[in-house]
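Could you build the full structure based on these sequences and the hints that come with them?
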Amino acid sequence: MDPKALAALGEFLGDRLRTSLETRICYSYDATGKRFLPDAVAYPVDAEEVRRIVLLANRYRFPVVPRGAGSGFSGGSLPVHGGVVLSTERMDRIVAIDAENLYAVVEPGVVTEVLKEEARKAGLFYPPDPASLKFSTLGGNIAECAGGMCAVKYGVTRDYVLGLEAVLGTGELVRTGVFTVKGVVGYDLTRMLVGSEGTLGVVTRATLRLVPLPEAAATLLALFPGNREAAGAVNAVVAARVTPSAMELMDRTAIDCVLSMVPMPLPEGTGSALLLEVDGPGDSVARDADRLADVCRSRGALEVRRASDARGREELWKLRRSISPGLRRLAPVKMNEDIVVPRNRLADMFDFLAGLAARKRVRIVNFGHAGDGNIHVNIMTSGTDPDETRRAGEAVEEVFRKTVEVGGTISGEHGIGIAKAPFLEMEVGPVGVSVMKRLKECFDPNGILNPGKIFLSEEAVRR
Amino acid sequence: MKDGTLSALTALCAKCGTCRTVCTLYPERKAEIAVARGKVALLEAALSGDDPDGESVQEALTDCLLCGRCERACPNQVLVEEIIMKGRADLAEEVGIPAWKSILFGKVMASPGATGAARKAAAAAERLLLKKVPTGSGLHYRFPEGLGAGGRTVPELPARGFVESLGKREGAAGQVMLFVGCVFDHVFPQVGRAAYETVKASGKSVGVFREAACCGLPAMVSGDRASALACAGENLRRLRAAEPETIVFPCGSCLLMFRRNILSLVPKGTPLHEDALWVADRSVDYASFLLSSGVVDRLPDPPEGGRAGEIGYHDPCHLSGTLGKGPEAREVLRRAAGTGFAEMAGADRCCGYGGTFNVRDYPTSARLGEGKVSHAARGGTKVISTACSGCVLQMRDMAARVDPSLRVVHIAELVAHALARGGTGIPRR
Numbered sequence: 004m005d006p007k008a009l010a011a012l013g014e015f016l017g018d019r020l021r022t023s024l025e026t027r028i029c030y031s032y033d034a035t036g037k038r039f040l041p042d043a044v045a046y047p048v049d050a051e052e053v054r055r056i057v058l059l060a061n062r063y064r065f066p067v068v069p070r071g072a073g074s075g076f077s078g079g080s081l082p083v084h085g086g087v088v089l090s091t092e093r094m095d096r097i098v099a100i101d102a103e104n105l106y107a108v109v110e111p112g113v114v115t116e117v118l119k120e121e122a123r124k125a126g127l128f129y130p131p132d133p134a135s136l137k138f139s140t141l142g143g144n145i146a147e148c149a150g151g152m153c154a155v156k157y158g159v160t161r162d163y164v165l166g167l168e169a170v171l172g173t174g175e176l177v178r179t180g181v182f183t184v185k186g187v188v189g190y191d192l193t194r195m196l197v198g199s200e201g202t203l204g205v206v207t208r209a210t211l212r213l214v215p216l217p218e219a220a221a222t223l224l225a226l227f228p229g230n231r232e233a234a235g236a237v238n239a240v241v242a243a244r245v246t247p248s249a250m251e252l253m254d255r256t257a258i259d260c261v262l263s264m265v266p267m268p269l270p271e272g273t274g275s276a277l278l279l280e281v282d283g284p285g286d287s288v289a290r291d292a293d294r295l296a297d298v299c300r301s302r303g304a305l306e307v308r309r310a311s312d313a314r315g316r317e318e319l320w321k322l323r324r325s326i327s328p329g330l331r332r333l334a335p336v337k338m339n340e341d342i343v344v345p346r347n348r349l350a351d352m353f354d355f356l357a358g359l360a361a362r363k364r365v366r367i368v369n370f371g372h373a374g375d376g377n378i379h380v381n382i383m384t385s386g387t388d389p390d391e392t393r394r395a396g397e398a399v400e401e402v403f404r405k406t407v408e409v410g411g412t413i414s415g416e417h418g419i420g421i422a423k424a425p426f427l428e429m430e431v432g433p434v435g436v437s438v439m440k441r442l443k444e445c446f447d448p449n450g451i452l453n454p455g456k457i458f459l460s461e462e463a464v465r466r
Numbered sequence: 354m355k356d357g358t359l360s361a362l363t364a365l366c367a368k369c370g371t372c373r374t375v376c377t378l379y380p381e382r383k384a385e386i387a388v389a390r391g392k393v394a395l396l397e398a399a400l401s402g403d404d405p406d407g408e409s410v411q412e413a414l415t416d417c418l419l420c421g422r423c424e425r426a427c428p429n430q431v432l433v434e435e436i437i438m439k440g441r442a443d444l445a446e447e448v449g450i451p452a453w454k455s456i457l458f459g460k461v462m463a464s465p466g467a468t469g470a471a472r473k474a475a476a477a478a479e480r481l482l483l484k485k486v487p488t489g490s491g492l493h494y495r496f497p498e499g500l501g502a503g504g505r506t507v508p509e510l511p512a513r514g515f516v517e518s519l520g521k522r523e524g525a526a527g528q529v530m531l532f533v534g535c536v537f538d539h540v541f542p543q544v545g546r547a548a549y550e551t552v553k554a555s556g557k558s559v560g561v562f563r564e565a566a567c568c569g570l571p572a573m574v575s576g577d578r579a580s581a582l583a584c585a586g587e588n589l590r591r592l593r594a595a596e597p598e599t600i601v602f603p604c605g606s607c608l609l610m611f612r613r614n615i616l617s618l619v620p621k622g623t624p625l626h627e628d629a630l631w632v633a634d635r636s637v638d639y640a641s642f643l644l645s646s647g648v649v650d651r652l653p654d655p656p657e658g659g660r661a662g663e664i665g666y667h668d669p670c671h672l673s674g675t676l677g678k679g680p681e682a683r684e685v686l687r688r689a690a691g692t693g694f695a696e697m698a699g700a701d702r703c704c705g706y707g708g709t710f711n712v713r714d715y716p717t718s719a720r721l722g723e724g725k726v727s728h729a730a731r732g733g734t735k736v737i738s739t740a741c742s743g744c745v746l747q748m749r750d751m752a753a754r755v756d757p758s759l760r761v762v763h764i765a766e767l768v769a770h771a772l773a774r775g776g777t778g779i780p781r782r
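For the record, the sequence lines run as chains C and A.
Count the first sequence with our numbering and you get residues 4 to 466, in order.
Count the second sequence with our numbering and you get residues 354 to 782, in order.
Derived by calculation from the structure, the hints in this document are not laboratory data.
Be aware that one or more of the hints could be misleading.
Simulated DEER-style distance windows between Cβ atoms [claimed, not checked]:
1. A:435 / C:162: 42 to 52 angstroms
2. C:354 / A:425: 36 to 46 angstroms
3. C:345 / A:713: 57 to 67 angstroms
4. C:345 / A:432: 37 to 47 angstroms
5. C:312 / A:360: 36 to 46 angstroms
6. C:389 / A:432: 28 to 38 angstroms
7. C:410 / A:432: 45 to 55 angstroms
8. C:386 / A:526: 51 to 61 angstroms
9. C:49 / A:684: 41 to 51 angstroms
Since the structure is predicted, the reported quantities are computational estimates derived from the model, not experimental observations.
Idealized CB from N, CA, C, for every residue including glycine.
So, in structure tokens, the structure goes:
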């Protein structure tokens, strides 16, 4: 990077601009395990500083890569072309919680769980619950349009973003959206920015919709002989006109992965587990839970366990929450995909995945948010056998093809980043890609923001 | 930097970011280099030959309280404490450790006589040079501003240590061995005395480990493996020779050293490692001993009413967190102080001491500590009790800074008082 650019940044950032190798190493990775060294790390404290960083980036042509907690799974915060990592860690204030109009105003560095907790204190609920909610930031959630367990009932991050303040690639500060439920004034720039992975603008403030906190909840764990039966139950639940706040599926390999950490007796012949949750007013929760249990039994559940108190519910949830970290015990490298298929194609997809694993001789572990058709397909490899790695790569491509073929999407909640860039066109088509590139041009003509993401062959910053 | 064991340990980190949520230091630093994930990445870079400057990595590794929260929260069970200690030791061999530390650990702390002499010299110096501050926990002396210690206070050092105060045949040997620890011997001999008297109330014969060297934890966490090993060797051989049934530790950090750390310090397959296992097996925390030996059953019923809920308990990170011994001390307090004890606001918040961290970065350590004790005081606590020497040192200093009426004691002092006075709980001095 141009030393003059660093000097200009240092002038107003002071010691909040770091260029030491140690600090750069600490901002070179995310949860993908890949590493790209930035040239510098900046810790702005407000929108004005963000704006000045982006303006200098336009003048000196260096990349600016926004980063929240660096916990993403698609490489969204990796500085693949170097430049400045713009960390939002020091913009972490909850500006307001408006209990009358049901919204919160936050800075991007607020950790998701912190907002959820503050809302809870006001009797309110911010539903999005990505598995990383304890450490991931709202800015990152917005940039990747994070999902989570409760999406089946409550939707994903985009459904809670009413409006944004963002610095565009041009350095302009834009305010989008509304503070109200309704609003249709011109193009929906808010939705444009949500899920744009930091390639169009850096969110500096967000207005997030809140809903009343549900009174009660109940959790059920239903054990099935196989994924096909469990997937059948998911569809039967929807047909029974109950909307659970979570419907999580775990296949047998996933269950085995966590049994060592969370010992739990299982009925003989268990091949799949479904974790269901309902929330709402106390009496309706009890009634819905009964109905869910009946549906699961009628669809072949070997056993249904149920808990309504916090501790019992946590016991059941522990099984699900321990899977992702537990996978590392199975094999050191995981290719973690997050495909979504229409709910009624889940059973077919599981059959396809089982066949694929056999055909490609790779280990595939499936679990995830079956209620909304979102399956985490984890292809596990040793990382030391080149042939196995090649077969795994082929398997990933086949998974994506099949997903698109059945009317699904190749990323439900992780985003494209660098991990899925080669497959973008497979889903959105050449016209889709072309329109997206023209939009990028409009928001960020010099290609300053997060270059190398989403699009495969985009040249780095145009110098 | 090359170390096969270390790279095997760091390889388990999936860079998920969970450690960011629990790190004591992260809210102070708000930078990734503060948390375990960043430090692991730095070590990985150093190990893979990318070679960030050794001293800078050492500096980053030093900026850690070793409170262990990240390790306990880690979904992949990455052994962060071991990684940091090993990394510090490897780097100490590569770039050396500061001279003041090597003299302190190697010459002073490894020998029982030298610690006493050092105390006497320091006691004289503080009376001459520092300003007196009376506090609820006794006289403190305040460093003048501008000495790099920003208003730090230190307790008045006693003329005689606890071991020195023992009669010739007092606590000479017994079934139970009391490992007093440097701080409770030389700085707060009243704690050593209280622990001794209350452990004796078990009816068993109690010996005080008179020839103790420092437990070695300060040296080990500073990466000074040689000095730590010297301390460990001295202690283990003498403890083994004395053949106690049980070794009781009033200090949680000393206990951590003997229960866990020493086992990775002493080379496996050696006779000394055998000794380490033997000693670890017999080492217990003070509160557990009081419960298992029936001392608590000999306490008179605590008085009704009075100062309800004024006594709180602070969870030392090593004792309650790493070793999981939090409920035991609370049970002892309920038996000794009755309704005088209540759960303290923010009981499990780290006090911010971190041993040499407190010396290295006193302003940060003090902010964490002040936050800790003021939070407790706002919750209604008037007496903070705990069971670790570092926490007592830190919280007394912090109380002197924010609220000198706040008292900080070791649980043994409360138990001793209950035994002597019929259980009113709060001793008056």
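Verification of the supplied hints:
| no. | hint | result |
| --- | --- | --- |
| 1 | A:435 / C:162: 42 to 52 angstroms | holds, 44 angstroms |
| 2 | C:354 / A:425: 36 to 46 angstroms | holds, 41 angstroms |
| 3 | C:345 / A:713: 57 to 67 angstroms | holds, 58 angstroms |
| 4 | C:345 / A:432: 37 to 47 angstroms | holds, 44 angstroms |
| 5 | C:312 / A:360: 36 to 46 angstroms | holds, 44 angstroms |
| 6 | C:389 / A:432: 28 to 38 angstroms | holds, 31 angstroms |
| 7 | C:410 / A:432: 45 to 55 angstroms | holds, 46 angstroms |
| 8 | C:386 / A:526: 51 to 61 angstroms | holds, 57 angstroms |
| 9 | C:49 / A:684: 41 to 51 angstroms | holds, 50 angstroms |
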